[in-house]
Amino acid sequence: MKKTTLLLTGTALALGATSAFAGSHTGSITAVSWGGAYTVSQIEAYHKPWTAATGNTVVSEDYSGGIAEVKAQVEAGNVTWDIIDVEKSDAVRGCDEGLFMEIDPTSLPAGSDGTAAVDDFIPGSFTDCAVANIVWSTIFAYDSSVTTNGPKTIADFFNVDAFPGKRGLRKSPKANLEMALAADGVASGDIYDVLATDEGVDRAFAKLDSIKDAVVWWEAGAQPPQLLADGEVAMTTAYNGRIFNAVAGEGKSFEIVWDAQVLDVDMWAIIKGAPNAELAMDFLKFSTATEQLAAQASYIAYGPARKSSAPYVTTYHSNADLEMGPQMPTAAANLATAIPNDFEFWADNADELNERFNAWLIN
Amino acid sequence: MTDSSEPLLAVDGTPLKRKLAQSMFRSRARAFGLALPLLAFIIVVFVYPILDFLRQSVYDARFATLMPATSEAMADWDGSTAPTEQMATALVADLVVAKKEKTIGKVATRVNRELSGTRSLFTKTARNAKKMKPPYMEALIKKDKDWADIETWHAMKTASRIFTPAYIAAALDRKMLADGSIVQQSEERRIHVQLFARTMEISFLVTIFCLILGYPIAFLMASLPLRTSNLLLILVLLPFWTSLLVRTTAWIAMLQAQGVMNDLFVVFGLATDEDRFSLIYNKTGTLIAMTHILLPFMILPLFSVMKTIPPSYVRAAKSMGATDWTAFWRVYFPQSVPGIGAGALLVFILAIGYYITPALVGGQDGQMVSNIIDFHMRKSLNWNLAAALGLVMLVFVMFLFWVYDRVVGIDNMKLG
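So the sequence lines, in the order shown, correspond to chains A and B. In terms of the working numbering, the first sequence opens at residue 20 and continues consecutively. In terms of the working numbering, the second sequence opens at residue 26 and continues consecutively.
The hints are simulated quantities; they were obtained by calculation from the structure and are not laboratory data. Beta carbons are placed, not taken as given, at the ideal position from N, Cα and C, and that holds for glycine. Please note: incorrect hints may appear among the correct ones.
[As the list claims (entries may be wrong)] If you only want the chain B side, here are some residues facing chain A, beta carbon under 10 Å, derived: (1) Gly130; (2) Arg215; (3) Leu220; (4) Ile397; (5) Leu406.
The shape of chain A in the complex, shown without the other chains:
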């Protein structure tokens, strides 16, 4: 008897709570991102201002990339996430699989200088289902307190005789094959043309073969700065923002080599069947506006996807002397030999190259 009463009271309370929320016209969305310094930059630049402006709250969750969780949620018909920060290749794949909502880029707000959104965003910022927020890149870095006469080019990275020591590489063919070809003398504009041929793939793997015994493989973005700090590797590829944060935030003496950096974008996508899809769309529009993207650049060295954000990029949030502009992958000085990731190529060839890469790895 007592139990029943308790249960009833509990239900009544829960119902009351639900209606209280509905009454105040504020809601909550679940935003999923990569964690660490990157999520912090989003919380500071997107979540807090959005909450201040609309009264809606954002629940932040971390994941480690890939869209398997999204696929599982959508296929089970039990979607709990609303909006997710994905790599471009996953945005395309997720859209193909029908996991994400379609987004019309013309519905996005114009830039602060009045440029329409479709022209304001840098090329390659839209897929059918996603909108870019930042430009990041895969670079390689070394510890200048250990390696005094450091490497200058991507060819040095692949030269274990002149620059001895272990190398850190991401356990994935992506970016590695491009960098291997660049080190082998292929111009950055021709990389994907060469990689589209069988000989080109052989050539890239042959170059990777030359350092295979020296490689320590990493998977999560937080690993490479750790590997460098521990002295496990002499140099490692990494996401530029992670190295920047180790330098700016923790005072490490890491140096980034921008030669043959592989540029990519991260994108917001809204999950099909998301419980708060409309709010999530509002959040997406808010967070990809000129000011928010520029504000994010004070927390992490990833470039804003809007051109109109560039003039507003200032200094590091905790160090007024550290100009963020030159730290961006999109800074003119860093772009000379940059390789923009060709998502179409990867969407077509990822299965085959992954298969070949996995087989190469264990042989």
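Dock chain B against the given chain A, drawing on the hints supplied.
Then chain B, alone, in the frame of chain A:
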């Protein structure tokens, strides 16, 4: 006195035999009824999901459902002749629908698994399919010359099978062709068979190491007084209360090039500072970390079996002139075999499916099948292949279990 030919009757006059059977049935039914919730629970959350997932290893209706006309038009085509105009017509009609229903991405992804590069071919063609005019084969080839390549049509033919052995073939490094024959993969793509072999090798070695390290400890625990053995038991159980992730990460700190072990080696002159041992991010690291983590699973069954072996047997053997070794080997050891069987089977089966530890410390040659299954689950989203790999693994473990039963005998196993 009663006549022996007359059946015994219960108080109410029914034969005692029937009465007994009735009450036996009732108690059995009650026992079954009590176990029913657990049984239902296991079926709903364990057996059914596994079977449903394994179904994916042979069942893939994606292409056939989304491209119905094409699948039907191709049904009688054996792949040896040129694709017909009828097939092209059906294809264009399906592409128009797929574009409109926004299912073209799913179709393209499916065919791309069979032939790399067809994803963009499908999405591009679908964008223009509505404007195409007959003859469709020419229109397709005009759009992209890859449509003239019979390989493209072969890939579609393979993808159009609903029940397909293609994924299981792929899990065994084989490839199914359009005519249904199965050939071996090209050499630089073979990976799974080798990975299965390595998984077996690692699991086997880990089991042996656990046995070598665990047997003396269990023996010690079983022969010490209760107070001391309880303390040892707590030490054995202590790692269980620490997160698996923490234990694995601790091994990284111990074994890495700049880690504790290598520092000690340098101090004692076993290694030079420039040329330290590679103890982690390879097979060695996987073996060391897994042996440590699985050791309790060997010690506990051994301990519980050894505890039941009366010490008087060994004393009796010695009193009759057996040496220490003979007494151990001929008297004590055979009695501990059930514990070895249970521990070894437990460790081996746990090791075969091990995932986090090899993923963290395995580097390139310490990876196991579970890691490639994880890759197909999370990264490539090829759940069919993941299911096929899981099925092959399951069948293999069942086979080993059967062999174990024949060789050692499952009755010979004792968990406590």
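Quick check on Leu220 (chain B) please, does its C-beta sit within 10 Å of some C-beta on chain A?
holds, 6 Å
- Item | Hint validity - Gly130 (chain B) Cβ closer than 10 Å to any chain A Cβ | holds, 3 Å
Restraint outcome when Ile397 (chain B) is required to lie within 10 Å of chain A by C-beta distance
holds, 7 Å
Subject >> Leu406 (chain B) as chain A interface residue, shortest Cβ-Cβ below 10 Å >> reply: Leu406 (chain B) check passes; min Cβ-Cβ to chain A is 6 Å, inside 10 Å.
Interface hint outcome for Arg215 (chain B) [beta carbon to chain A under 10 Å]
holds, 6 Å
Checked against the numbered hints given earlier, the structure satisfies every one of them.
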